[in-house]
Amino acid sequence: MAYSEKVLDHYENPRNVGTFDKDDTSVGTGMVGAPACGDVMKLQLKVSDKGVIEDAKFKTYGCGSAIASSSLVTEWVKGKSIDEALEIKNSDIAEELALPPVKIHCSVLAEDAIKAAIEDYKGKQK
Amino acid sequence: MLSDLTKSYFELFNLDTTFDLDLDDLESRFRKLQKEFHPDRFVTVSEQERRIAMQLTAQINEAYQTLIKPLSRGSYMLKLEDINVNDETDTKMDASFLMEQMELREQLDELKNKKHQEKQIQNLTETIKSSQTKIINELQVCFKTTTGESLMRARNLVRELQFFEKMASQLEELDDEYL
Chain F
1 MAYSEKVLDH
11 YENPRNVGTF
21 DKDDTSVGTG
31 MVGAPACGDV
41 MKLQLKVSDK
51 GVIEDAKFKT
61 YGCGSAIASS
71 SLVTEWVKGK
81 SIDEALEIKN
91 SDIAEELALP
101 PVKIHCSVLA
111 EDAIKAAIED
121 YKGKQK
Chain G
127 MLSDLTKSYF
137 ELFNLDTTFD
147 LDLDDLESRF
157 RKLQKEFHPD
167 RFVTVSEQER
177 RIAMQLTAQI
187 NEAYQTLIKP
197 LSRGSYMLKL
207 EDINVNDETD
217 TKMDASFLME
227 QMELREQLDE
237 LKNKKHQEKQ
247 IQNLTETIKS
257 SQTKIINELQ
267 VCFKTTTGES
277 LMRARNLVRE
287 LQFFEKMASQ
297 LEELDDEYL
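Taken in sequence, the protein lines are chains F and G. First residue of the first sequence: 1, per the numbering used here; consecutive thereafter. First residue of the second sequence: 127, per the numbering used here; consecutive thereafter.
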């Protein structure tokens with residue numbers, strides 16, 4: 001199966017790979033997995049006092065589409081408020097990367113990672 | 127013979143639906159059925175019967191391949207209960223499990239980038255194997271009861287087992303490169 005140019009670009013030059021301190025209260029960590037293909041994705045968001053996502057990092061073990069989906073969302077979420085980030089849909093990711101139907105689940109993984117990271121962040125603010 | 131096509135994989139081998147299978151017994155039942163429906167024995171019958179026999183042979187093979195391995199056996203048993211193990215919209219997994227997976231994958235990646243890591247590959251392979259055995263043992267217990275709770279637990283365990291299978295096959299590939 002041929003990857004789209006955008007997937008290849010993110011796969012070969014992934015943006016924002018790395019890790020923040022998960023115990024930092026301004027950091028939300030989201031971890032999700034896809035059992036069918038054994039993919040694991042970790043997305044971390046660094047949120048300002050005003051609720052704006054200042055930085056994002058990811059680490060994904062999986063296929064090119066999973067890596068590209070997480071790399072893309074780290075770019076997308078930067079500068080967004082957490083509410084705006086929650087509006088990112090897997091269909092937006094799949095469309096941007098031109099994912100074929102069998103790889104749609106990679107975009108689902110990325111959307112769920114954002115949600116999980118924000119949930120983790122909100123949990124820390126209580 | 128036609129009714130055999132609608133039987134479950136367990137029924138096909140005349141077995142109770144159980145996770146705790148005697149694999150030698152399964153194999154001998156498989157060989158027996160294979161002989162019974164061998165295409166050579168259906169040369170003189172009607173074309174319809176021959177077609178059914180062929181379908182059955184395929185199904186018997188499929189059933190054997192599914193039941194012989196703990197992962198596919200577990201998934202199949204859950205499927206019989208209408209539980210889908212690989213729902214793509216369900217990406218939630220136990221956080222500590224995913225954390226452990228991340229660490230194991232990191233170790234695997236490091237091994238990929240270096241040479242002469244036979245010993246480390248062996249160690250990681252053993253770690254994975256013992257995790258698989260642990261999950262399989264837990265599944266034995268879970269499948270003894272079919273309450274909603276134990277089936278959900280079984281579902282989560284099967285999902286976790288898939289990650290270890292994936293790692294095990296990646297490790298095997300890596301090991302092959304050294305040979």
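Note that these hints are calculated values from the structure, not bench results. Just so it is clear, the structure is predicted and the values come from calculations on it, not from any experiment. The beta-carbon is built from N, C-alpha and C at its ideal position, and this holds for glycine as well. Just to be clear, a hint being listed does not mean it is correct.
Just so you have them, the derived chain G footprint on chain F, three or more residues with Cβ under 8 Å [as the list claims (entries may be wrong)]:
no.	region
1	13–21
2	27–39
Each computed BS3-like pair below joins lysine-lysine, with the alpha-carbon atoms no more than 27 Å apart [unchecked claim]:
no.	chain 1	residue 1	chain 2	residue 2
3	G	195	F	126
4	F	50	F	6
5	F	6	F	46
6	G	241	F	6
7	G	195	F	59
8	F	50	F	89
9	F	6	F	59
10	F	80	G	218
11	G	245	G	260
12	F	115	F	50
13	F	126	F	6
14	G	218	F	122
15	G	218	G	245
16	F	78	G	218
17	G	255	F	59
18	F	22	G	195
19	F	59	G	205
20	F	124	G	218
21	F	46	F	78
22	F	122	F	6
23	F	57	G	245
24	F	78	F	122
25	G	218	F	46
26	G	238	F	57
27	F	89	F	115
28	G	205	F	57
29	F	59	G	241
30	G	205	G	255
31	F	59	F	22
32	F	89	G	218
33	G	218	F	115
34	G	205	G	238
35	F	57	G	255
Hints and how they fare:
1. 13–21: Since three or more residues must qualify, the claim that chain G covers the region 13–21 of chain F is violated, with 0 doing so at under 8 Å.
2. 27–39: Our answer is that it holds, as 8 residues pass the Cβ test (under 8 Å) against chain G, meeting three.
3. 195(G) x 126(F): violated (46 Å)
4. 50(F) x 6(F): violated (32 Å)
5. 6(F) x 46(F): OK: residue 6(F) and residue 46(F) at ~25 Å, within 27 Å.
6. 241(G) x 6(F): Outside the cut-off at roughly 32 Å; violated.
7. 195(G) x 59(F): Violated, because 31 Å separates the two Cα atoms, which is more than 27 Å.
8. 50(F) x 89(F): holds (23 Å)
9. 6(F) x 59(F): holds (18 Å)
10. 80(F) x 218(G): holds (24 Å)
11. 245(G) x 260(G): Within the cut-off at roughly 23 Å; holds.
12. 115(F) x 50(F): Answer holds: residue 115(F) to residue 50(F) is near 18 Å, not above 27 Å.
13. 126(F) x 6(F): violated (39 Å)
14. 218(G) x 122(F): It holds: about 18 Å lies between the C-alpha atoms, which stays within 27 Å.
15. 218(G) x 245(G): Roughly 34 Å separates the two Cα atoms, so the pair is violated.
16. 78(F) x 218(G): Roughly 24 Å separates the two Cα atoms, so the pair holds.
17. 255(G) x 59(F): Cα-Cα ~25 Å, so holds.
18. 22(F) x 195(G): Violated: residue 22(F) and residue 195(G) sit about 38 Å apart, past 27 Å.
19. 59(F) x 205(G): violated (32 Å)
20. 124(F) x 218(G): holds (19 Å)
21. 46(F) x 78(F): holds (9 Å)
22. 122(F) x 6(F): violated (32 Å)
23. 57(F) x 245(G): With Cα atoms ~33 Å apart, residue 57(F) and residue 245(G) exceed 27 Å; violated.
24. 78(F) x 122(F): Distance of about 17 Å is within 27 Å: holds.
25. 218(G) x 46(F): holds (22 Å)
26. 238(G) x 57(F): holds (23 Å)
27. 89(F) x 115(F): holds (10 Å)
28. 205(G) x 57(F): violated (37 Å)
29. 59(F) x 241(G): holds (24 Å)
30. 205(G) x 255(G): holds (25 Å)
31. 59(F) x 22(F): Given that 27 Å is the threshold and the Cα spacing comes to 13 Å, the pair holds.
32. 89(F) x 218(G): The given pair, whose Cα atoms are some 17 Å apart, holds under the 27 Å limit.
33. 218(G) x 115(F): Roughly 11 Å between the alpha carbons, so the hint for residue 218(G) and residue 115(F) holds.
34. 205(G) x 238(G): Since the Cα atoms of residue 205(G) and residue 238(G) sit roughly 36 Å apart, the hinted pair is violated (cutoff 27 Å).
35. 57(F) x 255(G): violated (31 Å)
In this structure, the earlier hints numbered 1, 3, 4, 6, 7, 13, 15, 18, 19, 22, 23, 28, 34 and 35 are contradicted, and the remaining ones agree with it.
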